[in-house]
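Protein sequences, first through last, are from chains A and B.
With our numbering, the residue at position 48 of the first sequence is 48, and numbering never jumps.
With our numbering, the residue at position 194 of the second sequence is 194, and numbering never jumps.
Hints were generated in silico from the structure; no laboratory data involved.
Check before you lean on any hint, since a few could be wrong.
EDC-like cross-link-like pairs, simulated, lysine to aspartate or glutamate; straight-line CA separation at most 16 angstroms [stated by the list, open to error]:
(1) B:LYS117 x A:ASP131
(2) B:LYS143 x A:ASP106
(3) B:LYS143 x A:GLU313
(4) A:LYS87 x A:GLU136
(5) B:LYS80 x B:GLU228
(6) A:LYS167 x A:ASP106
(7) B:LYS32 x B:ASP206
(8) B:LYS216 x B:ASP206
(9) B:LYS80 x A:ASP106
Okay, the calculated bits of chain B under chain A, using three or more residues with CB under 8 angstroms as the criterion [as the list claims (entries may be wrong)]:
(10) 6-20
(11) 103-116
These figures come from a predicted structure and were not determined experimentally.
Don't be surprised by glycine CBs; every beta carbon is placed ideally from N, CA and C.
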Amino acid sequence: MIRFLLKGIFRDRQRSLLPVLVATIGVMLTVTLYCWLNGFLNDSIELNARFSTGHVKIMTAPYAGNIDQIPNDLALTGVDSLMKKLKKEFPAMKWQQRIHFGGLIDAPDPAGVTRSQGPAIGIGIDMLSGDHSEIERFNLEKSLRRGKLPAHQGDILISELFSQKLKVNPGDTVTLIGSTMNGSMAMYNYVIAGTIVFGTPGMDQGSVIVDLKDVRDALDMNDAAGEIIGYLPEKYYDDKTAEQVVTRFNLLFPPSGDKYAPVITTLRKQNNLGQMMDQISQVGAFVVLIFVLSMSLVFWNAGLLGGMRRYMEFGTRLAIGEDYSHIYRTMIYEAVLIGIVGSVSGTAVGLLLSLYLQNHGLDLGSMMKNSSILMPSVFHARITAIAFFIGFIPGLFSTVAGTALSGIGIYKRKTAQLFKELEA
Amino acid sequence: MENSTLISIEALKKHFPTSGGRFTALNGIDLKIGKAEFTGVVGPSGSGKTTLLNIIGSLDSPSEGRAMVLGLSISDLNVKQAALLRRTRLGFIFQSYNLLPVYTVFENVELPLLLLKLNESQRRKMVMDSLEWLGLTDKVKSKPAQLSGGECQRVAIARAMVKRPEIVLADEPTANLDAANSHNILKTMVRLNSEFQTTFIFATHDDKVISYLKRKISLVDGKVEKDEITGN
Ligand SMILES: Nc1ncnc2c1ncn2[C@@H]1O[C@H](COP(=O)(O)OP(=O)(O)OP(=O)(O)O)[C@@H](O)[C@H]1O
Ligand SMILES: [Mg+2]
Chain A
1 MIRFLLKGIF
11 RDRQRSLLPV
21 LVATIGVMLT
31 VTLYCWLNGF
41 LNDSIELNAR
51 FSTGHVKIMT
61 APYAGNIDQI
71 PNDLALTGVD
81 SLMKKLKKEF
91 PAMKWQQRIH
101 FGGLIDAPDP
111 AGVTRSQGPA
121 IGIGIDMLSG
131 DHSEIERFNL
141 EKSLRRGKLP
151 AHQGDILISE
161 LFSQKLKVNP
171 GDTVTLIGST
181 MNGSMAMYNY
191 VIAGTIVFGT
201 PGMDQGSVIV
211 DLKDVRDALD
221 MNDAAGEIIG
231 YLPEKYYDDK
241 TAEQVVTRFN
251 LLFPPSGDKY
261 APVITTLRKQ
271 NNLGQMMDQI
281 SQVGAFVVLI
291 FVLSMSLVFW
301 NAGLLGGMRR
311 YMEFGTRLAI
321 GEDYSHIYRT
331 MIYEAVLIGI
341 VGSVSGTAVG
351 LLLSLYLQNH
361 GLDLGSMMKN
371 SSILMPSVFH
381 ARITAIAFFI
391 GFIPGLFSTV
401 AGTALSGIGI
411 YKRKTAQLFK
421 ELEA
Chain B
1 MENSTLISIE
11 ALKKHFPTSG
21 GRFTALNGID
31 LKIGKAEFTG
41 VVGPSGSGKT
51 TLLNIIGSLD
61 SPSEGRAMVL
71 GLSISDLNVK
81 QAALLRRTRL
91 GFIFQSYNLL
101 PVYTVFENVE
111 LPLLLLKLNE
121 SQRRKMVMDS
131 LEWLGLTDKV
141 KSKPAQLSGG
151 ECQRVAIARA
161 MVKRPEIVLA
171 DEPTANLDAA
181 NSHNILKTMV
191 RLNSEFQTTF
201 IFATHDDKVI
211 SYLKRKISLV
221 DGKVEKDEIT
231 GN
């Protein structure tokens, strides 16, 4: 009997090819959309990780508490040995020191008299040690508008808009006026290496990027850093791994009485990113729900149409002595088979599509009017383990639910009534 | 004849609900049909022929009265028991053949045996026997779409006969056939009737069919008007 039914399915394309195709398309869309949204949210999170939070971040507790004010007087000290220890204990991770600072940028005329001046927010990152990773993280090569990237100590990058406001050009010297770690006034001269466009209005107003060592020299922060940022070896943040790093770190650096002892925190606990991450898991459920509903409707309709086509078959099978429940069950089995085949092929196609989007991404930059450069405009899909089976939920559920719903109509008809409809 | 009664109908009524109340399609039928009969229910359109045949075939149930078929009371059967009765002991032939288009002639005839869970060699033998009775052995692998109307109806008869049922119910079996094919099929059924002692019951208003009947039960407005043994 099973072979008999299988023959029927394979020979009747309206019962096999068509529904499999519909299931395949639906499942493919589910998988691709899921991977895409997943990637999109993760890209946004990674953006935060790159510019601000890291996957984990080490600060002093007081610094963390007042992070908005960039309180460099509360910065970490003894960072050289701390870095050594981190690199030894967590060799797979990437650790970077960063110093955020605020101050005035002063552009003098050749006589040394102030020509123009403006408040600046700055960040000191490692650009000159030979490690290229921070330059990549900040996407500096592509963000460069004029000039070059820093090549010598004392070079500075400044946002293009800011340079226009100050009427300075690459090659000009500017002075940073700020305060040292101890609170005294700091003045330090930099040569503008290049200008960059960040793509976010806030940062384009007045941002500067200098090499870490130059900030240290300027702000008297030898062997100190506002924060040490750690990146997991994986491309994307994983909360479990990050928490393991935290646990391990806390074992290595047990809480002491020292108020300025290093304290570690994860990406999830910074900048409300936890909330954003929770959304990712909701997205999966949402996508699945939408497709389960819409595809069930499609299969319900297809089942009703197919059922009408098959009245003769069902009526005949009933007359020959098959009972309703057996016919109904065989319809469900057929749907399960269609659902599985459709889910497998749809998942395969969806994963291929997602893989392409994961590797190549989709350039939304051209769609955004003020195409940002520092912000990545190319968004990638992301394939996770869930992507391998998430399509089976709509794929299987909707074929079966659609068939079950449409089958009830046949179930309810009196046998004799089926024949009446046949004769008509 | 009395001890070989297969069908016994007493005071049978069938009402159908309609918008304005109910419509009585069968209005007090009393009838006995015995083994190996070749009987037809005849009468004008709307007289209740199909309704009566459906009740005998356990596809429908009486509203009032009793219909005993092969010792079973149709009104007392649940859907599973009715299906079992049809599966094991009744055969159906329809006006529009009702062959399943995706299956071959062999597979169409095999279906009733699949439901009986017979093994492959048993099935093969019975199907081939049945196709031989109907002269269809060269069409085993054909699909219904490749057959003429007469051939389709012969396949349908083979399907009804393959499990050697005690009763075959045929509702207007010749309505879609030309004269030559009608006679051909009727002769075949007469032969099967005498060879296997299968009871045939027709619902028809076709004179060609009527000319082959051994007994003619005339229905008018849901009542038996005449019940006569004919000369055949
Ligand atoms: N399900 C139903 N609901 C309402 N009325 C019905 C139903 N089935 C049959 N009838 C009515 O019962 C009467 C008898 O119908 P039946 O089909 O038995 O006639 P018939 O003798 O087979 O006619 P024909 O020669 O046209 O096939 C008809 O008037 C028909 O309209
Ligand atoms: Mg009729």
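Comparing the hints with the structure gives:
1. B:LYS117 x A:ASP131: Judged against 16 angstroms, a Cα distance of about 76 angstroms means the pair is violated.
2. B:LYS143 x A:ASP106: violated, 92 angstroms
3. B:LYS143 x A:GLU313: holds, 15 angstroms
4. A:LYS87 x A:GLU136: violated, 20 angstroms
5. B:LYS80 x B:GLU228: Distance of about 36 angstroms is beyond 16 angstroms: violated.
6. A:LYS167 x A:ASP106: holds, 11 angstroms
7. B:LYS32 x B:ASP206: violated, 23 angstroms
8. B:LYS216 x B:ASP206: Holds. LYS216 of chain B to ASP206 of chain B sits at ~12 angstroms (cutoff 16 angstroms).
9. B:LYS80 x A:ASP106: violated, 95 angstroms
10. 6-20: Not satisfied, violated; 0 residues make the cut.
11. 103-116: Coverage by chain A holds here, the residue count being 7 at a Cβ distance below 8 angstroms.
Comparing the model with each earlier hint shows violations of hints 1, 2, 4, 5, 7, 9 and 10; every other hint is respected.
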